[in-house]
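Asks: Chains as they are written, first to last, in the numbering used here: chain A, 1 to 120; chain B, 121 to 366; chain C, 367 to 668.
Just so you know, not all the hints are guaranteed correct.
Ranges between beta-carbon positions, derived for each pair [said to hold, decoys possible]:
hint	chain 1	residue 1	chain 2	residue 2	range
1	B	Asp342	C	Arg649	48 to 56 angstroms
2	A	Asn92	B	Asn235	33 to 41 angstroms
3	B	Phe294	C	Glu462	34 to 42 angstroms
4	B	Tyr151	C	Lys549	33 to 41 angstroms
5	B	Asp128	C	Pro419	58 to 66 angstroms
6	C	Pro427	B	Asn201	30 to 38 angstroms
Below, a sample of chain A positions facing chain B; criterion: calculated Cβ distance under 8 angstroms [unchecked claim]:
hint	residue
7	Phe42
8	Phe54
9	Ser83
10	Val84
11	His85
12	Ser86
13	Val107
14	Leu108
15	Thr111
16	Tyr114
Simulated from the structure, these hints should not be mistaken for lab results.
Just so it is clear, CB atoms sit at the ideal spot from N, CA and C, and this is done for glycine as well.
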Amino acid sequence: MVAHGDSSSSEKKLGNGLNDLPTFNAENLQQNMKTIHYSRTFMSIIGGVVAGIFGFTGLKGFVLYFLVMAFTSIGLMAKAKFSVHSYFDSWNRVLLDGLFGGLMSFVLFWTFAYDIVHIF
Amino acid sequence: MAEDLVLDTAIRDWVLIPLSVVMVLIGVLRYFVAKLMRSSQTPDAKMVKEGQVILRARNLRAAANFIPTKAFRARKIYFCNEENGLLFVPKGQAQNPQAQMFSDPNMAMDMMKKNLSMIIPQTLTFAWVNFFFSGFVAAKIPFPLTQRFRSMLQNGIDLSTVDVSYVSSRSWYFLNLFGLRGFFSLILGEENAVDDTQRMMQMGGFGMDPSKGLSAEKDNLDITQHDWALPNFEQRAETVLKKLVS
Amino acid sequence: MVTKTEDNQLNRLENQVDNGGGEAWEYLCLVRKLKLRRSEKVLRHGLSILNDPKKRSSLGPDEWTLYEQVVVAAMDCQHLDVAKDCIKVLQKRFPESKRVGRLEAMLLEAKGLWDEAEKAYTSFLEDNPVDQIIHKRRVAMAKAQGNISGAIERLNKYLEIFMADHDAWRELAELYVSLQMYKQAAFCYEELIISQPTLPLFHLAYADVLYTLGGLENLQTAKKYYASTIDLTGGKNTRALFGICLCTSAISQLTKGKSKEDKDKSQVQSLAVKVLEKDYKQRAPDKLPQVTTALKGLTLSS
Chain A
1 MVAHGDSSSS EKKLGNGLND LPTFNAENLQ QNMKTIHYSR TFMSIIGGVV
51 AGIFGFTGLK GFVLYFLVMA FTSIGLMAKA KFSVHSYFDS WNRVLLDGLF
101 GGLMSFVLFW TFAYDIVHIF
Chain B
121 MAEDLVLDTA IRDWVLIPLS VVMVLIGVLR YFVAKLMRSS QTPDAKMVKE
171 GQVILRARNL RAAANFIPTK AFRARKIYFC NEENGLLFVP KGQAQNPQAQ
221 MFSDPNMAMD MMKKNLSMII PQTLTFAWVN FFFSGFVAAK IPFPLTQRFR
271 SMLQNGIDLS TVDVSYVSSR SWYFLNLFGL RGFFSLILGE ENAVDDTQRM
321 MQMGGFGMDP SKGLSAEKDN LDITQHDWAL PNFEQRAETV LKKLVS
Chain C
367 MVTKTEDNQL NRLENQVDNG GGEAWEYLCL VRKLKLRRSE KVLRHGLSIL
417 NDPKKRSSLG PDEWTLYEQV VVAAMDCQHL DVAKDCIKVL QKRFPESKRV
467 GRLEAMLLEA KGLWDEAEKA YTSFLEDNPV DQIIHKRRVA MAKAQGNISG
517 AIERLNKYLE IFMADHDAWR ELAELYVSLQ MYKQAAFCYE ELIISQPTLP
567 LFHLAYADVL YTLGGLENLQ TAKKYYASTI DLTGGKNTRA LFGICLCTSA
617 ISQLTKGKSK EDKDKSQVQS LAVKVLEKDY KQRAPDKLPQ VTTALKGLTL
667 SS
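Just chain A, same shape as in the assembly:
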């Protein structure tokens, strides 16, 4: 389910990259970045809820977060057919962008789901 959500959100938008290194279409690049952001936020919220429901605490939860993010990165790369440079200007975009922006959402939803299911 996790992988499915990721690919469907990025499916529409990733198809418009260019095929050469120095020529980037700024609009398309931005669109791709948006897609990355969107999938990361989406995944971090889903991951938070999952972590909460399974009752992960402490380090386990964060490990799960980074696992989910790594998974998202792999999904995005697969979507870009592993030729990252045709869609983004550097690897860091795919790997790191939005990594910590999503953390806040993750913690919030993790706490929320965890509290609702386990604390009371």
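With chain A's structure known, arrange chains B and C on it following the hints.
Replies: For chains B and C alone, kept in the frame of chain A given last:
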């Protein structure tokens, strides 16, 4: 130690869930109110021109390598020369934004509106949370934290013996305030991405000074090196054609 | 820019609407969003919605947008009476609106009452000197009157303020080309390339202008831009392929006798010739001999 606090399920049903739902709804409401209040003011020609100049200069910088050297130089001089270049702002002429604001009440009004749409709902929600839910231990974050976070997470309850990972209702409000940003960008679209924290920072600056943008762009353009990319294209065209022929 | 998916969607909707299927409103929305000029269809389908009170009221506030769209389409099709009726309805609803006033001015323009339209536009500009649409209307009006240099003058004035508006630059470039002022046109195309460096269209047009200007340096530059067009289009642009051949032969004629560096460059040309021949063989075999002789003539002279 961590497990010795038993929370009433009624707290979940009547504090935690309502609070979170209300936060989400308020966020959505605010988005639409801001959309309604966005005034379609008519900017004056000078402002528009400055914005356009910056845009054009930025384009030039980004795509400098796509035009011949001569053309680039001509444009650079056009933008950056010290007499009447478009990006050149004579010293002293740079308008003080505050003074500008007084001369144009519309601008002040607009800024007020923007700030009001942010401050009013925030204060109201905060007051509401304080009034209804003060003093509850509403949630528990699933990871341990050090004592330093006590003031952040247990805002509103003065107990020094409770484990730090318990969150008071007021702090849960703050957590929501910052953590729901990503959620909003999912459900409301990207334009909501200008988040509260960023806006708070902008408030200190009181709008931005257009002449600063101009001179910053000028500096950027000044150091732009021109390296015509077109000669490489010939080789690339060759490879493309070779592929076609074969 | 119209992307491929939007284009597909448009065609699908157009077919459906033309064959009496529903979704006329969706079609009209899409046309408006993509800023396409399908005036006849817009007029037909828009009127069919407007003449049906039930459908019309179901649009809610969008009804007035549709009126505006239909007015413009009607004027484009020279159905001035339709436009007039619609404007009357709009005027009743929005008595003070400038947007309706603009439509009225456009109606004057469509009737050919240039002076009155001009007067109306000027008064609008006094109220709001940065109204882009009015500025553009005035340019269009000058062009419609055949006053190209006047149009250029107005466009230049407009671009002084809105200098990042690439559509205006494009219009200006085309106007300059029509007056054979190629140096100015070249400047405009440079501007266009800057604003959208990945669009092969502007590279091609720029190369054309440079080739027309002539001179060794311009020709060499033109050749490079033809090459970049080929690269950006993946070699599918016939005009660029021909351009390469023409440029190469023109350059070699100019540098005859003092040949120094055209050994490596001739490869592009021979490749272009091959691709052209292949293309013609596939698509228009009957024209192949003609093309081959023409290309031979070019290579022989070089």
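Asks: Compare the structure with each hint and give your call.
Replies: Against the structure, the hints:
1. B:Asp342 with C:Arg649: 48 to 56 angstroms: Holds - the Cβ-Cβ distance for B:Asp342 and C:Arg649, about 50 angstroms, lies within 48 to 56 angstroms.
2. A:Asn92 with B:Asn235: 33 to 41 angstroms: For A:Asn92 and B:Asn235 the Cβ distance comes to about 35 angstroms; the hint holds.
3. B:Phe294 with C:Glu462: 34 to 42 angstroms: violated, 47 angstroms
4. B:Tyr151 with C:Lys549: 33 to 41 angstroms: violated, 51 angstroms
5. B:Asp128 with C:Pro419: 58 to 66 angstroms: holds, 59 angstroms
6. C:Pro427 with B:Asn201: 30 to 38 angstroms: Cβ of C:Pro427 to Cβ of B:Asn201: about 50 angstroms, so the range 30 to 38 angstroms is violated.
7. Phe42: holds, 6 angstroms
8. Phe54: violated, 10 angstroms
9. Ser83: violated, 17 angstroms
10. Val84: violated, 20 angstroms
11. His85: The hint is violated - A:His85 has no Cβ within 8 angstroms of chain B, the shortest such distance being about 15 angstroms.
12. Ser86: With a closest approach of 15 angstroms, the A:Ser86 hint is violated.
13. Val107: Hint holds; A:Val107 Cβ to chain B Cβ min 6 angstroms, cut 8 angstroms.
14. Leu108: A:Leu108 check passes; min Cβ-Cβ to chain B is 3 angstroms, inside 8 angstroms.
15. Thr111: holds, 5 angstroms
16. Tyr114: holds, 5 angstroms
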